[in-house]
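Knowing the structure of chain H, use the given hints to seat chains Z, U, Y and A with the ligands on it.
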Amino acid sequence: SNQEKSVKGNAADTEGKKNQQEVTVNIGIQQSIWPILAAKEKGWFEEEFEKAGAKVKWVEFQSGPAYFEAIASNRLDFGRVGNIPVLVGQAADIPFKEIAAASIGEKGDAILVPKGSKIKSIKDLKGKKVAVAKGSSSYGLLYNALKSEKVNPSELEIIQLQPDEAQPAFETGSVDAWAIWEPFQSTQVIKNGARVIANGETVHSSSPGYQIVRTKFAEEHPELVELYLKVTEKATRWQNENEDEAAELYARLKKTDKEVIISVLKNSKPDNMPIDNDLLQAQQETADLLYELKGLNEKLDVSKVVDNSYIEKVLKEYK
Amino acid sequence: MSKARAAIVAGPQAAIKKARYSQNNTVWNTLFKRILIGIRGLILPVLILGIWQFVGSFYDVSDTLLPTPAAIFHSFLDLIFTGELWAHLKISIWRAAVGFGLGAGLGLLFGVIVGFSSRSEQVMDPTFQMLRTIPHLAVAPLFILWFGFGELSKVLLIAKGAFFPIYVNAFLGIRGVDSKLFEVARVLEFSRFHLITKLILPAAMPNILLGIRLSLGVAWLGLVVAELMGSSEGIGYMIMDARQFSNTDIVFVGIIIFAVVGKWTDSLVRVLEAKLLKWRDNFNGDDSSR
Amino acid sequence: MSKARAAIVAGPQAAIKKARYSQNNTVWNTLFKRILIGIRGLILPVLILGIWQFVGSFYDVSDTLLPTPAAIFHSFLDLIFTGELWAHLKISIWRAAVGFGLGAGLGLLFGVIVGFSSRSEQVMDPTFQMLRTIPHLAVAPLFILWFGFGELSKVLLIAKGAFFPIYVNAFLGIRGVDSKLFEVARVLEFSRFHLITKLILPAAMPNILLGIRLSLGVAWLGLVVAELMGSSEGIGYMIMDARQFSNTDIVFVGIIIFAVVGKWTDSLVRVLEAKLLKWRDNFNGDDSSR
Amino acid sequence: MSVTIKSVHRTFKKSQEEDLIVLDDVNLHIKKEEFITIIGPSGCGKSTLLKIIAGLDRKFHGSILIGGQELTGPGIKQGFIFQEHRLFPWLTVEKNIAADLSLNDSEIRRKVDELIEIVRLKGFEKAYPRELSGGMAQRVAIARALLRNPDVLLLDEPFGALDAFTRTHLQDVLLDIWKKKKTTMILVTHDLDESIYLANRLVIMTPRPGRISQIIEIDMPYPRKKTDVRFQAIRQQVLTEFEKSELIH
Amino acid sequence: MSVTIKSVHRTFKKSQEEDLIVLDDVNLHIKKEEFITIIGPSGCGKSTLLKIIAGLDRKFHGSILIGGQELTGPGIKQGFIFQEHRLFPWLTVEKNIAADLSLNDSEIRRKVDELIEIVRLKGFEKAYPRELSGGMAQRVAIARALLRNPDVLLLDEPFGALDAFTRTHLQDVLLDIWKKKKTTMILVTHDLDESIYLANRLVIMTPRPGRISQIIEIDMPYPRKKTDVRFQAIRQQVLTEFEKSELIH
Ligand SMILES: Nc1ncnc2c1ncn2[C@@H]1O[C@H](COP(=O)(O)OP(=O)(O)OP(=O)(O)O)[C@@H](O)[C@H]1O
Ligand SMILES: Nc1ncnc2c1ncn2[C@@H]1O[C@H](COP(=O)(O)OP(=O)(O)OP(=O)(O)O)[C@@H](O)[C@H]1O
Ligand SMILES: [Mg+2]
Ligand SMILES: [Mg+2]
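As they're listed, the protein sequences go chains H, Z, U, Y and A. Its first residue numbered 669, the first sequence is counted upward by one per residue in this note's numbering. Its first residue numbered 6, the second sequence is counted upward by one per residue in this note's numbering. Its first residue numbered 6, the third sequence is counted upward by one per residue in this note's numbering. Its first residue numbered 5, the fourth sequence is counted upward by one per residue in this note's numbering. Its first residue numbered 5, the fifth sequence is counted upward by one per residue in this note's numbering.
Just chain H, same shape as in the assembly (with noise of 0.2 angstroms):
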């Protein structure tokens, strides 16, 4: 009743003498397994913001850059990217905050070489093909991971192709390796035997996924904010209770081989926390090392878009 209360006060403001307005809350979901796939699936979202008078929309992107185009055009308010996107966003001044981390994502993404390769590890990439979509968060890895191994970038030819591409040209051994993320990993090491020579975990360098919401939006609905997290926190809590049947769930949402999906979740455990300082400080050095490969044009402070507010709130409420 708070709740509802605010939202028609908020819409009165912005809306002037439309108040009986509804507000949409446009979310943004990825191709990939996550668990607001099960949410969105169960209607979960829906009926907790059909409660605050809310309506939801859900809108399907295919990369991280995407969200914050649609994010600076006030069409998209929820999202979940990867690290690299939400520094290009920082860096373009987007307004946007990250309310909080989705996952530590130390295996989500990884180098991967075909089977029987002769690579065993970064070293060995040295005047080898390797694949990689720029600007993912498996870009930020590839580097990450040559910098721990002191490997110049220039010793090796990166490729940049989309996963599209870049799976034929992996599977026909054009490229040598792929650094790639979720579920093009799994189903290349489960299904054609490819073999991970680096993750976020060898290399010590996660790429963490964010919950982001737009700026304006939170301040104008910040009980919708909540609910947001409320409702991952709930998506999140019963994928990771329940593995199986969240795997078969998504086996048959996306007509994919259960064993593949199983490995997926695995790789990449879900989580909603406050964004530490563990993962800020992992941030800060993948912002500047972007800024060192002149992705980036400005040196970047990442913790000028943390909000964490949101979360603690909602963690502290749901327990």
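No lab work stands behind these hints, which were simulated from the structure alone. In this text, all values refer to a predicted model and were calculated from it rather than measured experimentally. For every residue, glycine included, the Cβ atom is placed at its ideal position computed from N, Cα and C. Treat the hints with care, since some could be wrong.
To be verified - Quick list of the computed label-pair ranges, beta carbon to beta carbon: (1) Ala237(A) - Leu282(U): 53 to 59 angstroms; (2) Glu156(U) - Ile118(Z): 39 to 45 angstroms; (3) Ile25(A) - Thr35(Z): 20 to 26 angstroms.
Same frame as chain H, but now just chains Z, U, Y and A with the ligands:
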């Protein structure tokens, strides 16, 4: 010629009878001809499918790269029975149709306007020509900004693509009208309306129909980019979604759907063409009578 | 008409002098006319830019979405002075040119073959029509699979796009040839070579040139998808890379390059058109003499 | 309507440097309701002159007055039968005749049917131009022009592709219309007999530059008989005149 | 080359049910080096018959023998001057005449120049068809056919758009060629005088269905004079015959 020679021997009466006889047979003949033409059209696709299946069965090609036709067919049936394919196809056809209608309509309108007057050509055509070579993918974010994620921006993106072929074709079709007939229209004092309906449109019709065919193709292709924009249904989305999970067989189902629907709409326009252009006295292919 | 009336009053000699006088003036007249036409073509783009700059300066539109023309121009200069733009442009033009050459050449060849004989039409055309509506994005992985991610697959992808407009146009251009002239060619016993060079190509030339214009556009647009495939240079890459990093001003520089180069190549073809089709006696726009 | 042609000059660009003078100082006053025929060698500028009078060609020097008014452009008041038939290939015979007029209008329908009868094309109403013989197409073009009752009718070799009988029939039809509707007729022909059979005055042109070399008044009552001695006399006269201007050239 | 037309029938589909019988049992034997002219009312099937003889129209019943051989298709042996000029609009006058032959060949060049002189088009070698008058275009088409020295020359109203003098000149040119090259000539015309001036035999056709109604032998030495009494007598005879067949129809 042997038929004719037989006729001579038997005299004129026989020739006429022969003619009657062959006329009674025409229904069967045309049916037979149609079937033959259909079969000829299938030779190449069937050949390609055959080789593909053969290679897929006997060589070791990963399923995530190039599934066999059989596997694709299996997925196809699956998608049909779950009703999913139809759901995707329905929305895609709707989008393509609306986008095409809008784009082609405007394209025809502007093509006629610009074709009609060289002054409006000078003002508008350079801008249109510039817009023509701006890629869908590059303007998609602007469409999202202006029109949001709803159907509107998808339809408009498709319309943007469909606009140009018909615009250019209508424009040049009109400019190709014989000035001799224009003089007739001027002497008969055609109103602007009659000038367009009685002279320009019929004369430019071959080109306009060609423009429609090309526009239909572009509209249909535009789906892929349009359905990248915050969509969760449609054939374009289906392909992209299947990609994410390496369901290459579904990707191929999508590709085949694209090809078949494209070909099918194209054939529709060509039927229309045959009707609308029956007044033409033009070349029909060297060996058309055989 | 007033000029003519003056001429009557002064008698025929004056009329002829007048004619001479105005002929001496034609150089200036045509120059003036050209400039006028150029200016007319700029009205719309300048207007759009003006509004855009105005809106950008006075309203709060995120730079990520729609940078102002001034900002874009600034980026443009930057890219020029670092030489980056030229490097990208060079490779893109090379790819588009080779892809276009290949695709358009084959398109013309097959268009002529299929247009020429209805039997080859029946065998090949259905397959081509199916291939026509298969999206670039969907087949890009197959191209990588077959041809790797070097220049070959990029060029082939561009060629695939460029093939169809010219194929369809050449095909229909040939089918549009007046059968009366075909009869002449048969009576004069033209060889196949002469039939093509003296009759078919000239007669289908308006359509072929139109096909070239459309194909050039498609080839140029194909760069965007082609340069997604394992490229690290080219205008398409530049756009996609800038988009990845939200450098929207660079994206716009790319879009404008696309538009300008597209328009420019198009104009080239139209100059060619004016030369090759000077024999035509067709409508030139109602108010062309004004 | 009277037609006045005042010092009309027309040149075509032949190449960058060279001009082709087609009409050079052509002057002619055609009275109201007069029947003028023009003969002259092929390429002397007859069609060009008709197009100028029709208002289709505006790139001439000099002036044209129709009914005393400066000519402003083409229109149904100046009917034109072109040298080629110029039918709309996508329209059937009856629709070509009606052109922009609606056949659903019963008055138009009646007139069109009547004209089809007159030009002897009954049974071919629904045929497309490509299904017509040369002479049939020409007759459709004639019917199209006659339907509109023009004040001035410009005819550019209208009966060129017709056999002697159809030709005579249509000549009589033309005379009939001329008498009834008081149309001013300007007819280009290569047939001397036709010329003499129809004209009040016969204009002879010489080629390159096209000029009017002779105007012969034919003062003979209608209907004229081609076998008539007077007819033959005039024929002989015209022939010598014509031969003369041929020789000068 | 002799030409034999044996019981030729030709029908066109008029509509789904109705057929238009255009030629009905046409039989004619044309001897080697004969000059035949065909006259008949507009739409009687003259052009259709010529097209069949040329091998352009294969949808007839009956048979055509050329030089005793079954006709297999069109070719340069059967020259054809069409009723419309049918020039290639993208070729200049001289290139239209040369068509598939190369003007760089000095022999061809010489012949083309000669023909241009003959058809009186000197100065218009580089003109495009749209810059020609009706008669000029027709003369180009004549030159194109004459360049190729055909064994049989089919002429469909070749002089229809020409003035009397150019016409007479080209008739003489034609007779000249006929005598020198021994070409078999089949000429369609609407001009009785032309017919009598040129023909060994004159064929009269009746329309719908097109039949040969009369064949008139003209046994008069060349060059014939139109003012000659015998010429006039034959003219009168043909006229009555023609009138008769008109009336029958
Ligand atoms: N569009 C044009 N461009 C250049 N020259 C032209 C054009 N139209 C006509 N001419 C020239 O003008 C001259 C006269 O042409 P016009 O058609 O008036 O002749 P005409 O007297 O009607 O001849 P014909 O009896 O053969 O029809 C010709 O020499 C022709 O070459
Ligand atoms: N392609 C066609 N389709 C249908 N009917 C046709 C076709 N060609 C000719 N005809 C018909 O055949 C008949 C004879 O035509 P043809 O052209 O042979 O006449 P013609 O004797 O040459 O007449 P003209 O002297 O007027 O040229 C006409 O009635 C015409 O309508
Ligand atoms: Mg003329
Ligand atoms: Mg004829």
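Hint by hint, here is what the structure shows:
no., hint, in the structure
1, Ala237(A) - Leu282(U): 53 to 59 angstroms, "holds, 56 angstroms"
2, Glu156(U) - Ile118(Z): 39 to 45 angstroms, "holds, 42 angstroms"
3, Ile25(A) - Thr35(Z): 20 to 26 angstroms, "holds, 23 angstroms"
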